[in-house]
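2 protein chains.
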Amino acid sequence: MSRPCSLKDIAQECGVSVSTVSQILKNSPRDYSSEQTRAKVRETARKLGYRRNYGYRLMRGQKTMTVAIMASMEHMRSEEHVSKLVIELMSCFDHHGYASYFNTFVYDAQENLNKVRDLLARGVECFVAVGAPVGHKELEREIEEQGGYLISTSREFRNHIFMSDLSASRRIVCYLYERAGENFCFFPCSNPLPGRFAALKEVFKHLSQEELLRRHTCRCISYKECRGNYPDFAFREGYAATEKACGMNPRLRGFFYENDGFALGGIAYLVQSGRQIGRDVWVAGYNNDSAIRNAPYPVSSVDHDWEHHAPLFVEKALKNEPCQTVLDTTAHIREYIPGTNRIHEIDFVSSEEEYESSK
Amino acid sequence: MSRPCSLKDIAQECGVSVSTVSQILKNSPRDYSSEQTRAKVRETARKLGYRRNYGYRLMRGQKTMTVAIMASMEHMRSEEHVSKLVIELMSCFDHHGYASYFNTFVYDAQENLNKVRDLLARGVECFVAVGAPVGHKELEREIEEQGGYLISTSREFRNHIFMSDLSASRRIVCYLYERAGENFCFFPCSNPLPGRFAALKEVFKHLSQEELLRRHTCRCISYKECRGNYPDFAFREGYAATEKACGMNPRLRGFFYENDGFALGGIAYLVQSGRQIGRDVWVAGYNNDSAIRNAPYPVSSVDHDWEHHAPLFVEKALKNEPCQTVLDTTAHIREYIPGTNRIHEIDFVSSEEEYESSK
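Listed in order, the protein sequences are those of chains V and C.
Take the first sequence: its position 184, counting from 1, is numbered 612 in our numbering, and each next residue is one higher.
Take the second sequence: its position 2, counting from 1, is numbered 430 in our numbering, and each next residue is one higher.
Just chain V, same shape as in the assembly:
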């Protein structure tokens, strides 16, 4: 890129001072130049292709209206609900005149810190982190010390908008338990067990955690093992885990997966083994991906509704407001309309508060 025209170039060409050029070009009330000088400066600026840039603002520490959106982990980039949130956030910030950087954190705290420092040097004022990356405490400290604002979907950060998974998961587990009774299996893929495991403990009150793990869960391989495309990885692992679980207990009828990617793998195994989803067996995933919403079978799922809350993240970020918010997730229970091949859907929105008070 060739060096763009500077105020100095215009000043030299016109034989006036840099500050005169600056006053004229920003229509300053302190511009006491003659009409003739003004016309000459403007014409020269046009001729030389002068364009105001953000350099001056950056050097003065003025607002640059720049934000950065950060995915916390590699595998998140290929998750549909993450990219939906990222794109919604960017679109919202854009609407407010902000430009967005997008970046992914790695599994190295120092490298993450360097990334954040570079973005601060580029004038980034607000950071929105999806999840909590490695070294998150140091990142938070660095951003706050530099006068920046940070908000996340994770409660690991001071400022957060967190989607509670507990009550929606409980809806799902209750529904599957109603249909399948004891022939129920949960397929977790994270370690430690995800928050939604607490919902199982609620429903299977009569079992100890050890019994619950032994009788009603079958581990999928952790997302941390994923190299390459996450949906394809989850599909393969979900297929394998379901085949294994059905091998051990052929009467299994209720299947709950930690996310929709694994559920799609499970569904493929179940269909190919001749089971009828929504008639012989019942399946639920998590994240409400389009492949699940638009499956030819009724498959239940839980929606973070992240993208609907994007404006709230943006509002908090632009106001630099402290924020500790826990929001509702929606359980989408899907089943056949009796006697037909049509699917209907019942949606339950319920907050953690509601769940807490119902205990």
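Where hints are given, some of them may not hold.
No copy labels: a pair is met if it fits in one copy or bridges any two.
DMTMM-like mimics (lysine to aspartate or glutamate), calculated; alpha carbons at most 25 Å apart, straight line [as the list claims (entries may be wrong)]: (1) 475 <-> 502; (2) 747 <-> 572; (3) 491 <-> 546; (4) 475 <-> 546; (5) 491 <-> 606; (6) 747 <-> 546; (7) 565 <-> 763; (8) 672 <-> 775; (9) 629 <-> 546; (10) 491 <-> 502; (11) 475 <-> 708; (12) 436 <-> 536; (13) 475 <-> 610.
Read the hints as simulated data drawn from the structure, not as lab findings.
For clarity, every value in this text was computed on a predicted model and none was experimentally measured.
On the provided structure of chain V, position chain C as indicated by the hints.
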């Protein structure tokens, strides 16, 4: 954000000139200060929280290592293959030390031009456009005049890496024609007809374009009508169009959709009407979305493989090289292994050149 510490602040605090501070902090060989002054300046910079920023580079027109990735149309943002490309590009640029803005163009040429101008003022050196937005010629001119580089997936731009859809579509149409014969229907959703319609004309040589349109196509509603989430829109419209087409010709057995979103809607209708995909009827989409790759039935599709070509876009952009490249798409033909419920996949990579020479 409070005003960050400037070189001037440090100079005042230490009683030295701004240029001395600058030389010391960038470890310049032209720094002739005493060890004592150096130590004092460095300590003061640390104490005041000084951080180098990009303002100076921007004002001097030095490289800022900043790129912008632009989606050309609103609906693209919720398309899986687009977000995969965008995220791959960002990751590749990041790897080379570049930071990426992401933005979506609108249906207004002037607004698009303003967006590009703002990004240029922010120091953006390269633009990668997915598709061709409204007013693309003006955007190209503006970027080039400002010394920036622009490359796109669309042949509407001078610099492009274009994925030809012709030969892969022909594979798909031939496959469906083998299976379904004359009981074949193509479901286009764009207007004018997409490039892949040419593949139909090749295979159905004996029909005039009018007969081909009347007998073997059924229009889905254009993506331009989409408000809100594109996959859900495409699903609904694909379902409706398939129901209509099957109503008019209940013997239809081969179904080719302009994209996978519409195919998913078609699949739901076909399954719910009791048809067996991969046995009674054969379905193909386009884009090779994960919901199609990981469907419980064999559904064929075509992959742009955009994300595998992201490094090529980045290479061309960083070298500012002229680029007019046409690349291969891959047709993925999926079917049941005879006598089983297992799906196998045959992949055909073929370039437009190959297709041209095979005619």
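The hints, checked one at a time:
| no. | hint | verdict |
| --- | --- | --- |
| 1 | 475 <-> 502 | neither (47 Å within a copy, 35 Å between copies) |
| 2 | 747 <-> 572 | within (15 Å within a copy, 37 Å between copies) |
| 3 | 491 <-> 546 | both (17 Å within a copy, 14 Å between copies) |
| 4 | 475 <-> 546 | between (34 Å within a copy, 19 Å between copies) |
| 5 | 491 <-> 606 | neither (56 Å within a copy, 63 Å between copies) |
| 6 | 747 <-> 546 | both (23 Å within a copy, 23 Å between copies) |
| 7 | 565 <-> 763 | neither (44 Å within a copy, 50 Å between copies) |
| 8 | 672 <-> 775 | neither (31 Å within a copy, 29 Å between copies) |
| 9 | 629 <-> 546 | neither (45 Å within a copy, 54 Å between copies) |
| 10 | 491 <-> 502 | neither (31 Å within a copy, 28 Å between copies) |
| 11 | 475 <-> 708 | neither (75 Å within a copy, 68 Å between copies) |
| 12 | 436 <-> 536 | neither (44 Å within a copy, 35 Å between copies) |
| 13 | 475 <-> 610 | neither (79 Å within a copy, 63 Å between copies) |
The earlier numbered hints that this structure contradicts are 1, 5, 7, 8, 9, 10, 11, 12 and 13.
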